[in-house]
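Visitor: Take the sequences, apply the hints, and build the full model.
Number of protein chains: 2
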Amino acid sequence: MVNRTLAADILGKLPLFRHTPPARLAEIARHARTEHVARGTVIARRGEKPRGLMAVAYGLVKLSLKGETEKVLRLVGPGETFAEAVLFLDKPLPVDAVALADTLLVVVRAAPLLALIDADRAFARGLLASMSQRMHELVMDFEATTQHGARERLAGYLDSLAPPGAVQASVQLPASKTVIAARLGVTKETLSRLLRQMGDEGLI
Amino acid sequence: MVNRTLAADILGKLPLFRHTPPARLAEIARHARTEHVARGTVIARRGEKPRGLMAVAYGLVKLSLKGETEKVLRLVGPGETFAEAVLFLDKPLPVDAVALADTLLVVVRAAPLLALIDADRAFARGLLASMSQRMHELVMDFEATTQHGARERLAGYLDSLAPPGAVQASVQLPASKTVIAARLGVTKETLSRLLRQMGDEGLI
DNA sequence: GCCCGAAATTGATCCAGAGCAAGGAAGCGG
DNA sequence: CCGCTTCCTTGCTCTGGATCAATTTCGGGC
Chain A
197 MVNRTLAADI LGKLPLFRHT PPARLAEIAR HARTEHVARG TVIARRGEKP RGLMAVAYGL
257 VKLSLKGETE KVLRLVGPGE TFAEAVLFLD KPLPVDAVAL ADTLLVVVRA APLLALIDAD
317 RAFARGLLAS MSQRMHELVM DFEATTQHGA RERLAGYLDS LAPPGAVQAS VQLPASKTVI
377 AARLGVTKET LSRLLRQMGD EGLI
Chain B
197 MVNRTLAADI LGKLPLFRHT PPARLAEIAR HARTEHVARG TVIARRGEKP RGLMAVAYGL
257 VKLSLKGETE KVLRLVGPGE TFAEAVLFLD KPLPVDAVAL ADTLLVVVRA APLLALIDAD
317 RAFARGLLAS MSQRMHELVM DFEATTQHGA RERLAGYLDS LAPPGAVQAS VQLPASKTVI
377 AARLGVTKET LSRLLRQMGD EGLI
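Chains A and B supply the protein sequences, listed in that same order.
Heads up: the first sequence at position 29 corresponds to 225 in the numbering used here, and the numbers run straight through without jumps.
Heads up: the second sequence at position 3 corresponds to 199 in the numbering used here, and the numbers run straight through without jumps.
No lab work stands behind these hints, which were simulated from the structure alone.
This one's a predicted model, so the numbers in the text were calculated from it and none came from an experiment.
Be a bit skeptical, because a hint or two may be false.
Copies of the same chain look alike in the list, so a pair counts if it fits in one copy or across any two.
Claimed, not checked - Calculated cross-link-like contacts (lysine-lysine; reagent style DSBU-like; alpha-carbon spacing at most 30 Å): (1) 209 with 384; (2) 287 with 209; (3) 384 with 287; (4) 384 with 262.
Guide: Set out below in structure tokens:
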């Protein structure tokens, strides 16, 4: 089962499973499935029931709320996971998930993870920590959206990308400007204008 | 130790500890403290380090982000808890907490809870579930804020208060209109206008 | 190198909701 | 019953960012 050992391999590299003994990891991997999705593919739609914990091996996944204007909640890159929260809830997914690049996913069913929580205290703590972290980020994002104007949000976002301590750096945006705009909760037009005007002011 | 048995009593009634055996509960209560706070008291300020898991026995606590305009993230009533997420993170509180009424709090230090996670799998699951739930609510709230206009948010909020299935009901707001307004992410003026205009249209 | 569709820029207009200001209740201690 | 404070209402103005509408630039296939 190449798939299975691959899955175990990938999962083993995630922070979440960093300290999980190989035997248990193999057990988890038995209930996991790798899934290759091309750029642009819809991975899951809001309202569907979750298929399991999703881990990104490589590629990039966009989690977003779609109304008349789209709001990107999170961009999930290699080594990160999503849909943890919904695993323990009997609720449909609250967001849409789309691959922004060719992506390899590992999908782990809920049941064995619940068992692992009971069996491995380090895992339980790790999961709790990771959800806490996610929650914290969400609150910070909420704050940015409700308290600061578009200019400040962009500024904050930009230096969250820059390496810490650097006075001046050149950063690579993780996605198209349209997506970044939705991430920041503005339209692409506004983002474009802001970037230009910050450029004109020599701040960038 | 009246305080201790009181704390154990209160904690025992929380969904989180519903299935925790009395012996463990007593142990937790040894590390807990009840705290009486008067209406208007600041319980914790953004940026402080958390003192522990907070449970509300009676009263009402407002969790909010303060900028030039305040955004209320959550109103915590009797039987509910807050600050769980921040327990497992080495980060300062992201929100302010203020008592909106005379309130009795139970404050539980982090250490014994971490121990309890290891010792009691039901507790670990319960905590995970409750954090997932919290997360879900936050995402829904985020959606309301970013996707819908003020009118729709108010409508949604109102019938989240009404008992399910009722076609017409009279509800009691859990706090002053000013606070509700901040909860909905609008100013009190806007809330006032909306209520009036919904009244004029005979929808309320 | 050339073409085509997708992404980005730029300009002009519009609007929901914030901010400001000036009254009205409504509760409450004396 | 009065005066004080706190909360709520209502009218007016102002503005950040959305929306609509053209262009312009870019990237990849042939």
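Visitor: Indicate, hint by hint, whether the structure satisfies it.
Guide: Hint check results:
For a Cα distance limit of 30 Å, the shortest separation of residue 209 from residue 384 qualifies neither inside one copy, at 35 Å, nor across copies, at 50 Å. Both within a single protomer and between protomers do residue 287 and residue 209 lie at most 30 Å apart by alpha-carbon distance, with minima of 29 Å and 25 Å respectively. In this assembly of identical chains, the alpha carbons of residue 384 and residue 287 never lie at most 30 Å apart, being 32 Å within a copy and 33 Å across copies at closest. In this assembly of identical chains, the alpha carbons of residue 384 and residue 262 lie at most 30 Å apart whether taken from the same copy (15 Å) or from different copies (28 Å).
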